[in-house]
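Visitor: Chain by chain, the residues run as shown.
Number of protein chains: 2
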Amino acid sequence: MPKTPTKPASLPNSADPDNPPERRPPLSRERIVRAALRVMDEEGLEAVSMRRVGRELRVEAMSLYNHVADKEDLLTGVIETVMSDFEFPPDADDWKESARRAARAWRDLLKAHPLVITLMSEQRKPMTSIQALRPMEHALSILRTAGLPDGETFRAFRAFGGYIQGYVLAEVANMFGGQEVDIHLEDIARLLPTEELPHIAASLPHLFRCDFDEEFEYGLDLMIRGLEAKTASGSG
Amino acid sequence: MPKTPTKPASLPNSADPDNPPERRPPLSRERIVRAALRVMDEEGLEAVSMRRVGRELRVEAMSLYNHVADKEDLLTGVIETVMSDFEFPPDADDWKESARRAARAWRDLLKAHPLVITLMSEQRKPMTSIQALRPMEHALSILRTAGLPDGETFRAFRAFGGYIQGYVLAEVANMFGGQEVDIHLEDIARLLPTEELPHIAASLPHLFRCDFDEEFEYGLDLMIRGLEAKTASGSG
DNA sequence: CGTCATATACTTACGGTGTCAGTTAGTATA
DNA sequence: TATACTAACTGACACCGTAAGTATATGACG
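Top to bottom, those sequences are chains C and Y. So for the first sequence, my numbering puts the first residue at 1; every next one is plus one. So for the second sequence, my numbering puts the first residue at 237; every next one is plus one.
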């Protein structure tokens with residue numbers, strides 16, 4: 001008996017006296033994307049399925065397709081939404097300080113949703129929405145004030161951007177250790193061929209108890225000093 | 237008729253006169269991992285399924301489980317295999333040149349298998365196999381010769397490593413454009429709100445026709461100069 | 001009121017996924 | 001020859017993205 005509507009479920013039923021209307025707010029791309037982001041943050045990237053997002057909104061998976069083209073479109077929306085949450089720090093007098101602030105803000109954003117970086121890595125297409133481009137515009141404007149020749153601004157942006165993304169990726173992915181994997185790393189520390197990998201062995205304590213904030217600043221300093229040296233000595 | 241063995245298939249049949257033995261080489265973790273790497277390189281990350289890898293080796297998916305614990309283990313193996321293909325460049329007299337060579341080798345490796353970077357981003361666990369650690373050891377040994385104080389070597393490694401990974405990630409993921417997406421980017425160039433994003437608009441030509449090799453060297457130079465400045469002026 | 005159009009949510013179904021559990025065949029040893 | 005072991009295969013389950021079709025609520029217009 002496939003067609004016995006035992007009850008009209010409890011869906012949008014405008015005239016049902018006993019139970020209240022119980023109208024869910026209407027679906028929208030915004031609500032769907034936010035739900036997907038929530039699921040991603042709380043349960044991981046693998047958990048983000050159309051069915052799971054639908055359940056989050058108490059809706060069947062196929063209903064989502066009224067608002068997003070497909071799953072890839074949904075994930076693109078997630079990236080754009082995260083980008084649009086970028087908090088622009090106030091400009092400082094010194095371009096170096098402005099650059100530092102922007103870099104920190106960028107890192108904070110990526111760390112607030114550690115999986116977007118994997119998402120971007122999977123999508124492999126440039127970000128085109130205006131919200132996603134605004135932080136980039138901000139960064140370019142700062143680098144301009146560093147006195148770079150016209151064609152070099154974008155190079156510097158790529159260099160800084162690369163560093164920030166790469167650093168955070170290594171950080172959140174636990175690529176070279178970190179507090180969260182201490183026990184495991186201490187195990188491998190025991191059976192590490194110390195004579196074959198002496199420098200790694202020597203670095204092990206720094207691998208364990210590293211202050212990521214401090215180390216991030218260190219690399220940032222490297223880039224800024226390098227840029228400074230370059231602008232001082234003319235175009236390299 | 238589920239149980240009529242019409243033929244013993246053509247599996248390891250030691251005594252079959254008409255058709256030759258046709259013995260496939262025995263399965264092994266190595267062969268499986270290499271097959272997975274091949275599928276990944278040729279058909280993308282999504283294509284790497286147990287069934288697909290099995291088909292590659294003319295074997296059912298479940299047979300792979302005799303040699304790998306699960307899919308994650310297989311993918312870990314892929315990463316380790318790629319790492320073990322790292323080609324150590326000869327050391328130069330100058331540590332700066334050595335660092336440059338190592339950085340290039342690292343980038344070359346990541347670009348040879350552009351999807352391993354996504355893979356590492358997904359795995360989110362440190363690399364522990366000796367092959368995977370050897371390139372890291374090499375990098376650390378170079379940075380030691382730069383005259384860094386003991387505790388700073390690893391920081392510098394993280395900074396350089398972050399830059400390289402991040403740059404290549406942005407490069408292969410087409411995050412900020414590149415030749416492969418020219419047409420698409422030229423489209424968005426037309427409808428870019430130039431007055432709202434002036435610096436991006438000004439950078440568009442560099443976004444289109446950028447020389448990734450050259451830009452990579454630029455950022456590398458930034459880091460090296462920064463490190464130089466730091467070692468010259470004492471511990472920063 | 002009736003009726004039609006539109007929008008939006010639901011249902012079904014297909015071929016794919018990872019992998020648990022059970023089966024089979026070929027080989028080495030007792 | 002009997003036994004044990006290894007390494008392949010088979011079937012099943014619960015999930016996935018999504019094409020195609022169906023049902024219902026709402027608004028427009030008579």
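Mixed in with the good hints, there may be bad ones.
Distance ranges between label pairs, derived from CB positions [said to hold, decoys possible]:
id : chain 1 : residue 1 : chain 2 : residue 2 : range
1  : C       : Thr194    : Y       : Ile424    : 45 to 55 Å
2  : C       : Glu195    : Y       : Arg288    : 21 to 31 Å
3  : Y       : Ala297    : C       : Lys71     : 21 to 31 Å
4  : C       : Arg52     : Y       : Phe444    : 30 to 40 Å
5  : C       : Asn66     : Y       : Asp321    : 20 to 30 Å
The hints are simulated quantities; they were obtained by calculation from the structure and are not laboratory data. Cβ atoms here follow ideal geometry from the backbone N, Cα and C, with glycine treated the same way.
Visitor: State for each hint whether it applies.
Guide: Now for the hints, and whether the structure bears them out:
Judged by the Cβ atoms, the range 45 to 55 Å given for Thr194/C and Ile424/Y holds: they are separated by roughly 53 Å. A beta carbon spacing of about 41 Å between Glu195/C and Arg288/Y contradicts the range 21 to 31 Å that was offered as a hint. One distance hint, 21 to 31 Å for the beta-carbon pair Ala297/Y and Lys71/C, holds here, with the actual separation near 24 Å. Between Arg52/C and Phe444/Y the Cβ separation comes to about 39 Å, which falls inside the hinted range of 30 to 40 Å.
For the pair Asn66/C and Asp321/Y, the supplied restraint of 20 to 30 Å is violated, since their beta-carbon distance comes to about 47 Å.
Violated hints, listed in ascending order, are 2 and 5; each of the other numbered hints is respected by the structure.
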